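**Q** With chain E's structure known, arrange chain X on it following the hints.
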Amino acid sequence: MRTLAAASAVAALASPLQAQKTTHFDSGIVIGGDWLQANELPLDRDALQSGQVTVSLRRQSWAVDAGWVRIARTLSTIQGGAVSAGPLLHWKSVLFLPTVGVLGGRAQASRDSTGYDFVGTGGVIGHQPRYSYSSAGTVGGGVGLTVEAPIYRIIGVRAVASQWFFSGAPLEGDRQRFLVGAGLSLRVGR
Amino acid sequence: MRRHATVFTRWSRVAMAIVPLFFVLSCTENLPNGPNTFGATIKISVPHDTLVVGDSSVAQAVATDDNGRTIQSLLFTWTSADPTIVGIANPAAAAADNASGGRTMILIGRRTGRSVVTLALPDPRFVVTNVPRTETVVVGGVRILSTRDSTLTAVNDTAIAVAAGLVRSNGALVTRASQGIRWIHRGTHTSVVGTGDTIRYIARSNGADTLIATHDFCLITAKCADTAIVRVSQQLTMSLSSRAFRSWSFSDSVGPTVTIADRRGNGAPGTSVRFVPVTALDSTVAIVSAAVGTSNLSTGLVASPRLIATRNDSALVRVFGIGSDGVTIVGTDSITDIVRQVARRVQVEPLRAVVTVIDSIPYRALARDARGAVIVDGATVTTSAAGITINTVFVGPNPPGSTSTQGTLTPNLTGIALPQANPLAPQVPVIIDQALIALVPFNGVTAGTPVIATMTVLDSNGVAATGSYVRFRTSAGVAPDSVQVGANGVAAVVWTPPIIPGPYTLTGVRGAPAPLFGSDSSVRTVLQQSVVVVAAGSPDPTRSTVTVSPTSIAANATATVTVTAKDVSGNVVTTATPADFTITSTRGAISGTTCTLGVCTSTYTAPATTGADSVSVKMLGVQIVFSPVALNITP
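First to last, the sequence lines map onto chains E and X. Positions 0 to 189 (numbering that gives the first Met the number 0) are the ones given, in order, by the first sequence. Positions 0 to 634 (numbering that gives the first Met the number 0) are the ones given, in order, by the second sequence.
Only chain X is shown next, with the shape it has when bound in the complex:
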C-alpha cells in the first residue's frame, strides 16, 4: 500500500508538471486578424458618355485591388449631380449583376445638358477615391416642324416657327417639345421674338432671312440644325390722293400725294413714282418736275414729282409706281391737269420810262397770272394813253409843241383770262399797273458829259424792288455798271453818253436769272428806258478850224473866212454863234460874221496896199486850228 502511494505521488508530480506546460503552450494562438482596409481603384466603364434624351446606357463599375485584380461582389453608390439630366435607374431594374446590383447601372438621358455621375464605393474595407464622370445628354437631331419657306407680304406681318428636338422613344427618334432649341437668326429683314421651341418672327424689310434651329447639345453625327427661309416681300399697292388738278398760273406745280404701301400701310424703301405725259402735246402743257419731298416708310408716302403748268390746255399724265428694285411696276394710274391762266395783273411795259419828247419807245400791254407769267392766250389787253401819243407799237413822239412832261398808259383786259370767266379760280380782282412815261426836253444831254439818271425800279408786280440790282445796256457807247436799288426803290446811275450827238437809248433791267419761258418777262422787267438826244459840247480851239479863200487877194478886194466850230470831241457845234470866237486881221477888215449849224462865215476886205496880211481866229484867247492864216495882197 505504501509502495502504491509512493508511485502515485511520483506520477502525480509528473502530471502536475506537464499540465502547466500545456497551459503555457496554449497561450499563443496566432489566429489571423485583418487587414483593416484594402487599397483599391474604381472606375466607371460606359460604352460612351453621350446619351440621347430618352436613351439609356449601361454603365459598369469596376473596382480593382492593388494587384490589378477585379474585385467582385461590391455594392457601389451611383449619384448624378443633376438627376433631371442624367437619371440613374433603380438598381433593381439594372442588368443582372451577380451578387450586387450596384455594379451595373443604367444611365438614362432625361433632358439635355451635362451632369457628373459619381461612382462611390462605400465599403469600409476599401480605401478608394470617388470617381466622377461627366455624362452629356443630347438630342438626336433638330427638326423644324413649321414651314421651311415662308413669305410675309407686309411689314409687321408675323408668323411663327416651330422646332423640336429628336429624342429616343421605343427605339425610334421622335420629336419632342421643350428640349432647349436655340434659334440662330441670320439677316436683318425680320426680327425674332421669343425663345424655345416656338419663336415669332416679324417682317421688317424686304428680303430673305434665315432661321436656323439648332441645339447646344446635339449628337455629333445627327442633323443638328434645320433651316427655314423667311422671306419678306411686300405686296405693294399704289393710291393717289386725287386724280384731277387745275392750274391757274404757269409754274403752278400740282400733283397728288402718292402712297405705295402694303396692306398694313407700310412703305418700302426704294419705291418711286414716275409721271409720264401720255402724248407729246401733254408734255407741252405740263412738264414733270423731279420728285419733291421725302418718302416716309412708316406711311408709304412716296416723294413724287409735280406737274408744272407751261401751257394753257389739258394734260393727261400716267402715274407709275415703281417697286424697290427700280423695275417692277407696282401700280399704274393717271391724272389730268387742266391749265388755264387767270390774270392777276394787267400792265403796260415798260412801267417806267424817260423819253425825249420828240422820240418814241416800244411798249406792250399784257396780262400776268398770279406767278407773273405773261398770259399769251385768252387775254386781250387794250391800252389808253394820256399825255403821250401811241403809234401802233410805239409810244411817242408827241406832236411838236407838246408841253406834256408825263404820259400815262392804262391797260384794259378782256377775255377768258379774267377771273370771273373762270368760276373755279380764285376770284381776285385784277390789278392794273399803269405805265408812267417821263417826257424830257430835246437836247437834254451833252455829248460826252456824264449825267445822272435816276429811276424808280419796279418789278413786274409794280413793287419797288429795293435791294435788287439793275443792269444797263445802251444803244451805243459804254454801258454803266450795275447799281443797287435804294431803300426807296430809286436807283441812280451815272451815264456818260457818247461823244457823238444823236438819240441814244439807255435801258435798265433788273438783274435776275433767265426766264423760264420765252413769254415770261416777269423777272427781268424793263424798268427804265431813256431815249435822249445828245447834243455837241462847246466849241473848242483845238478842234475848231479856220480857212480863208482865196489867200491871194487884190488890194481892196474881199475873201471869205470860214470858221467851223467843233467841240472837244470834234463834233460840229451846230449851235455855235459868232460870240464863240474872235476873228481879227492885221491890216484888213472883218465883217458880216454869221453861223449856220456850226459853220460861221465872215467877209475879209483887203487893205489898199499890197503886201502880206493875216487873219487870226481865237476861241477863249487861243488860236484855233490853221489860225492865223497868211494872206498875200496883190496890186
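Chain E on its own, in the form it takes in the complex:
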C-alpha cells in the first residue's frame, strides 16, 4: 500500500511524462470497467466479485472519475459510489492516472467473533465459526493508480491498483482494502 501511494505521488509530480505526447484517452469521456479481485482469490462465497465501473472526464492534464465500486471479500462487501480525481500522465501511448478518491456507500460484513476453538481427536486443534452479520453505511477514502493503454481505436486496456480506508461499524478492525485488477476503457466522447 505504501508503495502504491509513493508511486502515485511520484507519478503526479513527474511533469516530464506529461509533456511528451497526448493520446485518445486523455480527453473527453472514458467509460471504464474493472475486475478488482486479483489479489483476493478465491472468493469463498457465491457472490459477485470485486469490480468497478467508472465514467471519467478527462482534460489533457487531469481527470475526474465517477462510478460504482464494489469490493467483495469472503466475509465482507463494500460497495457504493466513488469519485476520484488526479493528473493525467503520459508516457508514449501509455497513460498514468494517479488518483485520490472518496466513496460513499454501504458496508456489509460477517464476522466470526463468537465461534469457538476446540481440540479434536488426536489433539487436533480446530475452530468452529459463528458469524454475526452487520450492515451499515460507510464512507471511504483512497488512493489509486490506473495505467491505461489504447489497444484499438477507442478501446483501451488498463490495470488498476488502489488502497482504500473505510469507516462504519461493520468494518471495525478491518477497514483497509487493497484492490488490484484490470479492465477495459472505452472513450465515448471528447
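Just so you know, these hints were derived from the structure itself, not from any lab. Small disclaimer: the values here were computed from a predicted structure and weren't measured.
Covered stretches of chain E, going by a simulated chain X footprint (3 or more residues, C-beta under 8 Å): (1) 42 to 48; (2) 126 to 136.
Some residues of chain X that are not near chain E, with every Cβ distance over 12 Å (derived): (3) Thr236; (4) Asp376; (5) Val392; (6) Ala491; (7) Ala558; (8) Thr563; (9) Thr576.
Just so you know, even glycine gets a beta-carbon here, dropped at the ideal spot from N, CA and C.
**A** Relative to chain E, chain X alone:
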C-alpha cells in the same frame, strides 16, 4: 463531429445497459451468518469426590460439542450449594487455565458434609444443561484426645472425654475441634451427657463401658473411630452404726446398721455383710440370723444379719463387708453382744391344774425374760405354798383329812436376773404369776364314763389364750381331740377316762411350734394338768359272777355263796353292797350276806330233805354269770 456524437451515444447506451446489470448482480451477497447456538455437553472432572477438611481438589470443567470435540476457552460458573462445606476458590487463584479461569477450579473442603457443586456454562452460544456433582467433605480420621482408659471410683463421679477430627493443614493431618464428632456409647454402666467434641460421662454402676468417637463423614481408609474404655469401680468402705450391743432377753436380735458405700455415699448392688462369731463359745452366746431388710443402693445401706441372743455371756463377732463379686472383702470390723437375761415374769408351772386331793403333780418355779425365755442362770426362784403341800419337786398330796379345795404357789425371785441388778436394762417390775391348783375329791370320776373337764387357758405370760388350741395327752387311754379356747379363756373338753380304775393324768398344752430352746417352754406352757382317780362303775349282771362251794351238801349243812360284783368293764366294784343284787334259794335258806371290796359272801343252809336245790343271784332282775347254781342235797 456528428459521427463522434453518434459513437458516443452508442457506447453510452451500452454502458448504461451494463451498469444496472452490475447492480443486480451485486444484490445477493451470501455472507455467512450464525448459527445462533451450538449443542454442547459439560461435565465436571475431579480426581475424587471426597475431600478432607482443609484439603483441596482441582476440578476441571469440560465442555464437548456435538461432535465430541473439547471446546476451548469457555468461562464456566461454579456454585456450591453450601459454601460452608465445599468452598470454591477464587478463580483468580485457580490453576492456570489458558484463556479462562473458569475451566479449572479448586474445591476446598471447609467442614464435613455434602454439598452439590454445580457447573454451569452461561454462554448464550451453547445450549447446555447444568451439571451437578455431589462433593463430600470428610475428616481424615478421629482421635480421642483424652485418656482412653479411665476408672471412676464412685457412682456419680464425672469425667469428660474429648475427641477431635483430623483435618488437613499444610499437608499434614492435625486435630481440629468442632468437626461434628459423634459418640457411640456401649454399655449401661455410665450415662453420657452432651454431644460434640467433648462429652461428659457419669458413673452409674460398676462395670466397663465403651465410648467410641466416630464421625459420619470420615475418610474410608482412615481410622474413623477411636475408642475409650470407661470403667466404674466403686471403692467401697464399710461403716457400722454401733459396735457394742446388749441383749436383755433371749431371742433379742441386735445388730448394727451396716453401710457399704463409696465416697459419694452410693452403695453397690450385690454387696453383703457376714457376721462371724470369733469362737465356738461366741457362737453359743449369739447365733447369726439371715440378712434382715433390704439394701438401699442410694444410701449404701446393706441388709445385714442380726445377732440372736441364746446364752448369757458376751460374744465377739467379726463383721465382713463383701463386695459385689461375692468374694472381695471390702471392709472388716467387729461387734460385741453382751447377753444378760433380765426377768420380766416369775411363775410356777403349771399355772393352772386340777389335782385329786390325794395325788401330786410336779411343778417348777422359774423366771422368764421379756420374751418369755426361761432364765436358767442367775435367777433363784423360791416357792411358797398355801392350801397345798409341797414335797420336793411335787405339789401334793395334801394330808389326809385336808379340806382344801385350792392350793396356791407363789414364786419369789432373787439373783442377778432382777432388773435392779442390771441398771442398764429396762427397769420393769417383775410380774409374779401364781399357780392355782384346784383340789378335787377322791373318786371323782367313774371308769369309762365321759366327763367334761374345764380349764382356764393361760400362756406363759398368764394371759387368757383366747382362740388358741389346746392339745391333750393322757397317761393312759385315748386322749381327747384338741379344743379351742373360748372368748373367756376357758376351754372345755370331753374326756372318757379308761375303764380301769386308778389314777390318771390328763395334760393340756397349748398348741404351738416347737420351742426354740430346750429351756424355753414359753410357747407350750402346760395349762391344765388333772390328776384324778377313776373308780369302777355299778355292778353289772353280765360281768358279775356267783359261785357256791361246795355244791353237794348234806341235809341241813351249810355252804358259802360268793358273788363278785363287777361293772360292765369287768372291774370289780369295790364299793358293791348286798343291796346291789338279790340272792335266793329254791329250798334252802340264804343268810349273812356281806361285801368286802367287791366280793360278797352269803351262807347257804341246805334243807332237811335230800334232793336237788339251786341258788339264784340277780342284779336288776337279771341272772348274773353262773346263776342259778345247781346243788345236790345228800342224806
